[in-house]
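**Q** For reference, the chains in residue letters:
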Amino acid sequence: MYEFDWSSIPGALPFLWQGMMQTLQITFVAIVVGILLGTLIAMMRLSKNQVISTLAAFYVNGFRSIPLVMVLLWFYLLVPSFISMLIGHPSMDIRLLSAFVAFALFEASYYAEIIRAGIQSVSGGQISAGLALGMTRRQTMRLIVLPQAFRRMLPLLLTQAIILFQDTSLVYVIGLREFFGYAYNTGNRDGTLVEMLLFAGAVYFVISFSASLLVRTLQAKLTS
Amino acid sequence: MISIKKVSKWYGAFQVLKQCSTEVSRGEVVVVCGPSGSGKSTLIKCVNGLEVFEEGEILVDDVSVGARHTNLSKLCSRVGMVFQHFELFPHLRVIQNLTIAQCKVLGRGKQEALEKAAKLLEMVDLSEHAQKFPAQLSGGQQQRVAIARALAMDPIAMLFDEPTSALDPEMIKEVLDVMVKLAQEGMTMMVVTHEMGFAREVANRVIFMDHGEIVEDRPKLDFFESPGTDRSQQFLSKILSHSG
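Protein chains in written order, with my numbering: chain A, 1 to 224; chain B, 1 to 244.
For the record, the hints were derived by calculation from the structure and aren't laboratory data. Please note: incorrect hints may appear among the correct ones.
Derived BS3-like pairs (lysine-lysine); straight-line CA-CA distance at most 27 angstroms [claimed, not checked]:
| id | chain 1 | residue 1 | chain 2 | residue 2 |
| --- | --- | --- | --- | --- |
| 1 | B | Lys18 | B | Lys238 |
| 2 | B | Lys104 | A | Lys48 |
| 3 | B | Lys132 | B | Lys173 |
| 4 | A | Lys48 | B | Lys74 |
| 5 | B | Lys104 | B | Lys74 |
| 6 | A | Lys221 | B | Lys132 |
| 7 | B | Lys116 | B | Lys74 |
| 8 | B | Lys116 | B | Lys6 |
| 9 | B | Lys18 | B | Lys5 |
So that you can see chain B by itself, here it is in the shape it has in the complex (with noise of 0.2 angstroms):
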């Protein structure tokens, strides 16, 4: 479904992603992690062509990303992604946030878009809240109100980059647990995330990425029960040794 090949990408002369490739099925759950500025969140924004890469490939269902007739809005209308900051559009009511790309995007009638909007709240559990502008709701509410945003289109994967970082500890789980969700219902998933419980619950494989590399590719329990590399044992280790 998605196939990253020996990606490379540079800020200057400053290489921030260094010959990358793997793969994600459908209806997997790869969750990608690694310490701040390790590359995690460019590569995955690499994917619906958010950021450029200068070297490698990207299939997206066999559509490559960077290739120059690639119609990539065409493509992004087909891959879901949820931002750290939600990036909720201020100025329409939440209903309006979850119709606005199936009208204008997807050419959908009003009411069915409509329709489809009610039934993605209900699943988030905020259909009370379909009239309120996204100022008006919590952190948590506002990015499940983006993940539904992103569902509305009917995508045939997700990306989320770190999509409970910028969350109020109580509100985390609120927004893992729609995520979770959505795995088992069996959505391909891209998440970069610190959340090793989410990994452990839900996730097919782990990456983890250091200094632009994926290091490590590993399915799950493989990864989290026998060691790996010694970065990637060091990073674990800081980041479970408060939360157990």
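Only chain A is shown next, with the shape it has when bound in the complex (with noise of 0.2 angstroms):
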């Protein structure tokens, strides 16, 4: 029978901290950015010039038909070279770097989707009555759609983040620690990768279980 260690885990306990405000730091950047790109894709899909739209579903079904981890390691091996071609030698550490910008393009295509969903359940009536009003399509969309769609997209859009927090675990291929990095990194120098992977495994259902809780009331609470 295994003998479970579990002497090394309250030493490690900083350094899970650190990686976990790294881990939430990604998932942060990721959501506020793929939201704010992934709305605009969602709208130049949704336009009716051609070119625009293919452009858009072009960018949404790629990023969607690529493996994460893929994506992550061609940004690494890239956004370096971007970067340094731009700006010259960044202060920042190059893999955080490398992993918002994958992340951030990576959720917007998902998130664009949910927001096509969300915008195309608005019914042509609103936009109709908003265009009677004097808005201009723009208005119509930013003052009217927009704010009805969102609303009934929250739910979905905090579940796709739930899955993008645990997604950041990934990174481990770039060689950035983040929260899970740690963990094994940590159980691996002190023979005890078996009990700092279940921690670590603890944590995260602990989180995203809570979260998905959360949005599942927001849900009961939007639908009533």
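Since each chain sits alone in its own frame, please combine them into the complex, following the hints.
**A** Written out as structure tokens, the structure is:
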């Protein structure tokens, strides 16, 4: 029978905490940029201009057809040379920067589809009503359609954020240390890998599961 | 005020409007009726550019609706429209429904917009509901808010697209009462409706449409008293046989 040894966990907590901050930072940036960019792409996809909507469709289908791990690696290989071409050597950790870019662009493709469905769920009559009051198409979108669409999409957007939170663990492939990376390395060093990964899994579970409970409550509130 | 000249419109190969022409002068109330699918809603939506038409011309206060250089948003801000399904903005409170376009389109200050909104809510007898959301109101109340929302823009004319046909019978009167009051105050109105009682009470003229054509366009008394075409007689007998 395997003898569990939990003794190295208390000592590792400060590192794990630091890792969790890194995880949350990547998650947060990807959510914010992903939703902003996703909204733009969703509106491009709904555009009557064929060129614009095809470009957007290409973006969405492209990112959704590639494994996230590969996107991460690609951007890790591409972003540094791109950045140094633009501004010389950045002061920021290049791995973190490429993780930000990769996650934001990748998530934008998923958010774009959620947002597009949300926009389409707002009835055409609402658009007519906005236009009939003298609003421009842009004003109607911003003041009438998007606020309603986001309200309806909120549960889905949050669910996507929970998936994203878990997916950030993949940055270990580019050697970036976040929560999972710290857990893995500490466990490896102290020979308590199993315990450390069990603990990390439990933390992921508690955070993700409480968040999804929150989403469910919110959903119930929104539909009542 | 509103001048419709030989307007035609197609959905693909199907012609929904055939050479429709009519005039609505300042202060006039014109009721448009006809069987479903006759093109009456499409015609009224052409007046403020919600539907495009392929042939003909529509002038609203001497501005051509279909012309390329026309600022449609500006035109729309001067013509109020009331929809069959109300189309209140569900994420905004009643009072905000009335102020949003005043502020964002006309550039009115918040205070001015609020005062205007309060006055109009009082007119439609809904002052106590100002802070509610549309979903908390009955259909009749929602439609009265929608009328107030359109009036908040100080329109030069009002278009009504079957304003009572989505309402339960007991709520129709409260909406019609508001419309009658508007008509009596001299508002220029174009009303698509089957409410012949309303037409008898306040309309100046009645237009009868069928298969995309304006079949009859006659003064109210003439329309109701003397028999017109077979088609309008048939239609009238159908919708009046139960309402008396």
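**Q** Hint by hint, say whether it matches the structure.
**A** Do the hints match the structure? See the list:
A threshold of 27 angstroms between alpha carbons decides the hint, and for Lys18/B with Lys238/B the separation of about 24 angstroms falls inside it, so the pair holds. Between Lys104/B and Lys48/A the CA atoms are separated by roughly 25 angstroms; this keeps the pair inside 27 angstroms, and the hint holds. For the proposed pair Lys132/B and Lys173/B, the alpha carbon gap of about 22 angstroms is at most 27 angstroms, so the pair holds. Taking the CA atoms of Lys48/A and Lys74/B, the gap is near 23 angstroms; set against the 27 angstroms cutoff, the hint holds.
Among the hinted pairs, Lys104/B with Lys74/B is consistent with the structure: their alpha-carbon atoms are about 12 angstroms apart, no more than 27 angstroms. Of the supplied pair hints, the one linking Lys221/A and Lys132/B holds, its CA atoms being roughly 17 angstroms apart against a limit of 27 angstroms. Taken as a hint, the Lys116/B and Lys74/B pair is honoured in the structure, with Cα atoms around 20 angstroms apart against an allowance of 27 angstroms. Between Lys116/B and Lys6/B, the direct Cα distance comes to roughly 38 angstroms. Violation of the 27 angstroms bound is thereby established for this hinted pair.
Proximity of Lys18/B to Lys5/B is assessed by CA-CA distance (about 11 angstroms); at most 27 angstroms being required, the pair is judged to hold.
Of the numbered hints listed earlier, the single one contradicted by the structure is hint 8.
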